[in-house]
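Quick mapping for you: the protein sequence lines, in order, are chains A and B. Per the numbering used here, the very first residue in the first sequence carries number 1; after that it's consecutive. Per the numbering used here, the very first residue in the second sequence carries number 1111; after that it's consecutive.
Just so you know, these hints were derived from the structure itself, not from any lab. Cβ atoms here follow ideal geometry from the backbone N, Cα and C, with glycine treated the same way. Treat the hints with care, since some could be wrong.
[Claimed, not checked] Below, simulated DMTMM-like cross-link-like pairs (lysine to aspartate or glutamate); rule was C-alpha separation at most 20 Å, straight line:
# : chain 1 : residue 1 : chain 2 : residue 2
1 : A       : K17       : B       : E1204
2 : A       : K17       : B       : D1193
3 : A       : K866      : A       : D763
4 : B       : K1243     : A       : E95
5 : B       : K1243     : B       : D1193
[Claimed, not checked] To give a feel for the contact side, a few chain A residues facing chain B, derived at Cβ under 8 Å:
#  : residue
6  : N7
7  : V14
8  : R21
9  : T93
10 : E95
11 : I97
12 : Y98
13 : M99
14 : R100
15 : S101
16 : L250
17 : S253
[To be verified] Okay, the calculated beta carbon distance ranges per label pair:
#  : chain 1 : residue 1 : chain 2 : residue 2 : range
18 : B       : N1285     : A       : I258      : 42 to 50 Å
19 : B       : G1400     : A       : I258      : 45 to 53 Å
20 : A       : G281      : B       : R1240     : 57 to 65 Å
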Amino acid sequence: MMLSVYNIWTIARVETKTLLRSWFFRVLSLLALGLLIVFNIPLYTEAAPTPWVFRGISSAIPYVNILFLNVVQAIVAVFLASDFLKRDRKLDTTEVIYMRSMTNGDYVLGKTFGIMFVFLVLNLVILTVAAIFNIFFAGVPFIFRAYLFYPLLVSVPTLVFILGLSFLMMVLIRNQPATFIVLLGYIASTLFFFGPRYNHILDYMTFHTPLMYSTIVGFGDIAGLLLHRGIYLSLGLAFIFFTIVMIRRLPQSRSITIVSRVLAVALIAAAAVMVHLRVSGILRGRELRRDMVELAGRSGGEPGVSIEACALDLKHTGAGIEGTAGITVLNRAGIPLERYVFSLNPGLRVTGVECGGGCGFERELHILTVIPAQPLVPGGRDSVIISYRGSIDEDACYLDIDEESRAGSYRAAFLNIAKRHAFITPGFVLLTPENMWYPSAGVHFNPGNPLHHTVDFIDFTLNVTTEEGLTAVSQGRPVRNAPGSFTFVPERPLPCRSLAIGRYERRTITADSLEYNLYLIEGHDYFSEYFTEIGDTIPSLIAERKQDFENKLGLHYPYPRLSLVEAPVQFYSYPRLWTAARETVQPGMVFLPERGVMLHGADFRMTRNFQKRAAKRGRGETRTEREQQIDLFNGFINRTLAGNISRRRFRPGGINLDSSMFNLYPNYFYFVHHVASDTLAVFNAAIESFISDPIVEPSSYFAQMFQGLTSEEKVNLALAERNFSQILSTADDEEMFNDIVKIKGRYLFLLVQHAVGEEAFMDHLHSFLGTNRFRTVDTGELFSGFRRDLGFDVGPHVERWFHGKEQAGYLLADVNACKVLDSDRTRFQVTFKVSNVEPVDGLIQVTFMEGGRRFRRFTGNLDEIKRTIVLGADQTKEVGFVLDFQPRTMSVNTMISKNLPSILNTVFEKFELNEKAEPFDGERIVEVPVVLREPNEIVVDNEDPGCEAQADVSQSVLKRLFKRTFGEEEDKYIGIEFWSPPGTWKASVFSEFHGDLVRSALYTKAGKGDRKVTWNAEIERSGYYDIYFYVSKLRRPGRRGKQGKFGHYHFIIQHDDGVDEPMLDIGNAGDGWNSLGAYYLSKGATSVVLTNESDGGIIIADAVKWVPAR
Amino acid sequence: MRIAINDLSKVYRNGNRALQDINIQMGNGIFGLLGPNGAGKTTLMRILVTLLKPTSGSVTVNELDLRKHRREIRAMMGYLPQDFRMFAKLRTWEFLDYVASLSGLRNARERTRAVDGMLEQVGLFDVRDRPAKKLSGGMKRRLGIAQALIGDPKIVVVDEPTTGLDPGERIRFRNLLSEMSRKEIIIVLSTHIVGDISSTCNDMALVHEGRVVYNGPPGRLIDKVRGHAWAIDAVDGELEAVRERFPVISSIPSGGGWEVQVVADRIDPYPGRPLEPNLEHAYVYFMEYGLNGS
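Next up, chain A with everything else stripped away, as it sits in the complex:
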């Protein structure tokens, strides 16, 4: 006698009924429903701006709704599940049910089904609401299957698991409050702590697990996902069966008890097997990479062949590929080569290798070693035909990326996306060079010299055969031989090749004899409706954008065509050490995420709404529909493809993609040029970084205020410890690495540029690059060009640049801004004095920027003037600029120096006409160095030993624990957090603060006077002293209320006549020194105390000055 369906149904029905009547459930589900509706309104209507990803990928609509519902239901289920097992002895109603004729299986399963049913109804309701938003408001396609997948993959396993766990805990602990605490603790810890870790294996709620469903390829890792959900489903079922065994009711059927026990154990075993599969899959990847790196380390380093030409025949066979590569290798090594080393993805099996003169081959992991019958003489060529088949092992990609970064999440807001590097499915293929999908020369990545990256410019032909109805996209001129058969004829030598195959439709525009292709997945045209008026103008707009971009870079686009190709949202690339290029950008090709999600400029509906609102508010001039469409188009191009590269880390919507990921810049340098060096492998990256400088946005005034130390400053601190070559050899932090290469590179080139003149230098560099397109050149060639054509020997500088450790340090003073009469014109003049106070040469870069950044997005670029000034050891210069525009800011970039902040910003409010001033545009050496402290004054800065901040221990234990757990080590200097100022004194650097080389101040949250800073000084002569306090009024835009108020500062001054407690009204004070009054002070120690008692938001404690009164 087994289970009774009738009994189960009866119990489930009553359970459902009682649950639906419970206020707890009603209130919580109504709350969840209400919140989700409120949440959906801004997301899917036009009520407020939200990240495009929420609408761009239709499946994000059910995804985001189920994700939140799931957290709520996981908690509610705990409460409901534990209720029925309450062991209240008095409650004999349970007993009249328990003594009825049914098995424990009937009872527990009935209860489970009852609760499940109620939650599934809730899911259905939520999904219906989501579907309504999807269909009627979001303006994006409705994908029905996503509405099935998410509840099945997310809700069902989560509920079964948490119900089973709650039942079991209740049976074991037999105390409802204790069970709640244990389970809620478990939920919270998985949600906030364990969820994102350990490859999400503990994330039973899937709050952190990648679940984004691509319209092109579906889920990113369906096998992993099924395993993950299978684990929790099995565990949940196992717990339920254990509950049947362990419930405190006398069993009625031996067979049910036995079967339940067996099933529970079997399900636990199944879960264990799935955990093992999942974990071993991850570990296997790690091991593979470790082995590959180790193998590459053994095989790399020795000279190898170059590939001159390649004819690749590739057949797409559903879930795999078959390739035959006819390769012409060339010996450029200068010595006979006994082996040719190639790299090919270890997921691809080599089925045959043939050489002109016969050969053998060995394969180990990704390395294919071909041993020719005769060594290849220097300058000699050989032909090698390599046949292979298989698919891409994505674990073998990105050997240079550390495991921690790999495990890091890829998310848009809170939607998690699987990271994928290659796709081969029957309907879609995406392969990039990182996949090693064709044989390339060398070991791909050499751990012994990670920056050394061989580049062959190859005459590369590709033939592709795929299913009829699919379109292949790759570099070169596409020829469609037959349905499903394509040839890509090389037009330029290619450093690498990528391939996409899919249901693409192609849109082509020709502008300035360049072909622009857009490869869209069928049905993905969401944008045409926004560009109805400018169809005929688009070619000229493209040409203009291209021209702008190239003018800034001083380089020309080298290919006859550019293709934008849609790729699945899961396609992910990591930043590299040796280049700014990511796999998303390929020669003549950019892979954009499907429907432009993850791109900020791609939500055209939202941008149009902004335009309309701006027009309503009367901002800017009235623009016609056509003009608005032009703005929209230019905005997209500028933000995504051909605009400035922003280094901002903070982006709205929490999308963790670099804005530079799709920038076309690699098509101007990395894919075209290669400056190789055996010893200075970093040089190619340094040139790349230097050339990109005109399109890199400087960090903004406010960013500097908010972010604490910039990466440049961290680089400077690192360079004070170790020299460039030492840092490179131990590079582990990619961000730091890129910054250091950029800063050091710019420094070296600015040095040359300053010596020979900017124009001469840039002309030379551009012509050098122009004549060396698609060719690898040696640094020696570049340096000898400098010597020959510019008369500058860069050699000794390079030596110091690479191995030197000394840093300059600058003091800046007497900044003077006025209008001057220059001939008959009024122009804008800024003069200042700057000293290098360190015994080493250095250079600074001064930039003036026009105001009004707000409109920059639509109207293009503003005026900007840049100049480099070299300062010898202990040298002082007076510098003058006469400008045609009124600058809003001057920023002095101290480059590699001891200065903090490393960029000193000055904001100009007003330029008044000074008729007497002589225009001075240039620089002159002066004898008197910058002196920040007058001899008779006593100045105590917060950096000085005389300044003491009261150490505070009041930081909450929880906060400390949280910070420690999450490895959030605090830097010495933090950003200024207006919204949550620290409860202790924290140091921050900022241009407007007082200081010598370090312009810093301490700041804290205003309070009741419990935190103090004391400035101590030694008075040498008794007398009256004027005491001053240094005020920096940090202006924060658009803040009112207490947070935005400057307030009054409360001081305590000990003097000979007693104690005075002056208040300083910061709102009415000016920036700089403000008097606190004159006091008689006797010889000896004195002090000024500032407390945190204030009616303002934050207190900034910077510097105090004592000046003898006359």
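Starting from the known structure of chain A, arrange chain B on it as the hints suggest.
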């Protein structure tokens, strides 16, 4: 129907010996379990309705072992626990319907008929749509009785069913039981109210400290105390002394003194007369002096 309880003992995990060597045979009709609170009646009943496992001994129902045939035995049982409260979120008829379903009434139409009939019988038909928890105490009790009786159980176990009922309801309930007992069923009725037993049971057991001290028809029990029930005429000052000396059943004021009913073997020196004993006398006598007399 036959229930045979043989050498049944129950020792709780805390060492509390609740039942010891119980031997009872029950046949059709109402079987009364009489005993003071804590005597072990409830434990015995919970064992009978399969909520509790005996420590040793056996119970067979129509030769079916209670341990091995829970399915069959549960299917023929109805149970009203001592302290019965309602399911919080169900209406009166829904609750009864739920129990009826579990008792094996699978046909929806028959079940509805049975539920309605039962509600009529216990006088709850008019409040059938009221949430069960909003019923008055007496109504809840009646619903408890109804759920124990629904589905034509062959064995009905009722634990202190009449506590909380007013006299009218109590009489009605006794009549209901009597009526049912005419069918082929066993009704096990536990109570400490002697009147419940004397008016309905044809067989009974007296339970004391986990043991059965008497098992048989109530009449025989009464016979055993014939000659031990007395009425003492006590003057005012004597009442306290009488109460201290004898177990008192009742004391009624009568003409400047008291008529005190007591059970005892002898009552000298007090003046009195023998009474025709009833079950109450017998109960008190056995509680006081044990089965073998003083």
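Now the hints, each set against the structure:
1. Proximity of K17 of chain A to E1204 of chain B is assessed by CA-CA distance (about 10 Å); at most 20 Å being required, the pair is judged to hold.
2. With a CA separation close to 24 Å, the supplied pair K17 of chain A and D1193 of chain B exceeds the 20 Å bound.
3. Restraint check for K866 of chain A and D763 of chain A: satisfied, since their Cα atoms lie roughly 17 Å apart, inside the 20 Å limit.
4. Straight-line distance between C-alpha atoms of K1243 of chain B and E95 of chain A comes to about 17 Å, which keeps the hinted pair within the 20 Å bound.
5. Among the hinted pairs, K1243 of chain B with D1193 of chain B is consistent with the structure: their alpha-carbon atoms are about 14 Å apart, no more than 20 Å.
6. Taking 8 Å as the C-beta contact cut-off toward chain B, the hint placing N7 of chain A at the interface holds, the least distance being around 7 Å.
7. Proximity of V14 of chain A to chain B holds as hinted, the smallest CB-CB distance being about 5 Å (cut-off 8 Å).
8. Checking R21 of chain A against chain B by beta carbon gives a least distance of about 4 Å; that is within 8 Å, so the hint holds.
9. Using the Cβ-Cβ criterion of 8 Å, the hint placing T93 of chain A at the interface with chain B is satisfied: the shortest such distance is roughly 6 Å.
10. Here the hint on E95 of chain A is kept, as its CB sits about 5 Å from the closest CB of chain B, short of 8 Å.
11. The beta carbon of I97 of chain A comes within 7 Å of a beta carbon in chain B, closer than 8 Å, and the hint placing it at the interface holds.
12. Hint status for Y98 of chain A: holds, given a least beta-carbon distance of 6 Å to chain B, under 8 Å.
13. Hint status for M99 of chain A relative to chain B: holds, with the closest Cβ pair at about 4 Å, below 8 Å.
14. The criterion of a C-beta within 8 Å of any C-beta in chain B is met by R100 of chain A, whose closest approach is roughly 4 Å, and the hint holds.
15. The criterion of a C-beta within 8 Å of any C-beta in chain B is met by S101 of chain A, whose closest approach is roughly 4 Å, and the hint holds.
16. For L250 of chain A, the interface hint holds, since its Cβ comes within 8 Å of a Cβ in chain B; the closest pair sits about 5 Å apart.
17. Among the interface hints, the one on S253 of chain A holds; its C-beta lies about 7 Å from the nearest C-beta in chain B, closer than the 8 Å criterion.
18. One distance hint, 42 to 50 Å for the beta-carbon pair N1285 of chain B and I258 of chain A, holds here, with the actual separation near 47 Å.
19. Judged by the Cβ atoms, the range 45 to 53 Å given for G1400 of chain B and I258 of chain A holds: they are separated by roughly 48 Å.
20. A beta carbon spacing of about 59 Å between G281 of chain A and R1240 of chain B agrees with the range 57 to 65 Å that was offered as a hint.
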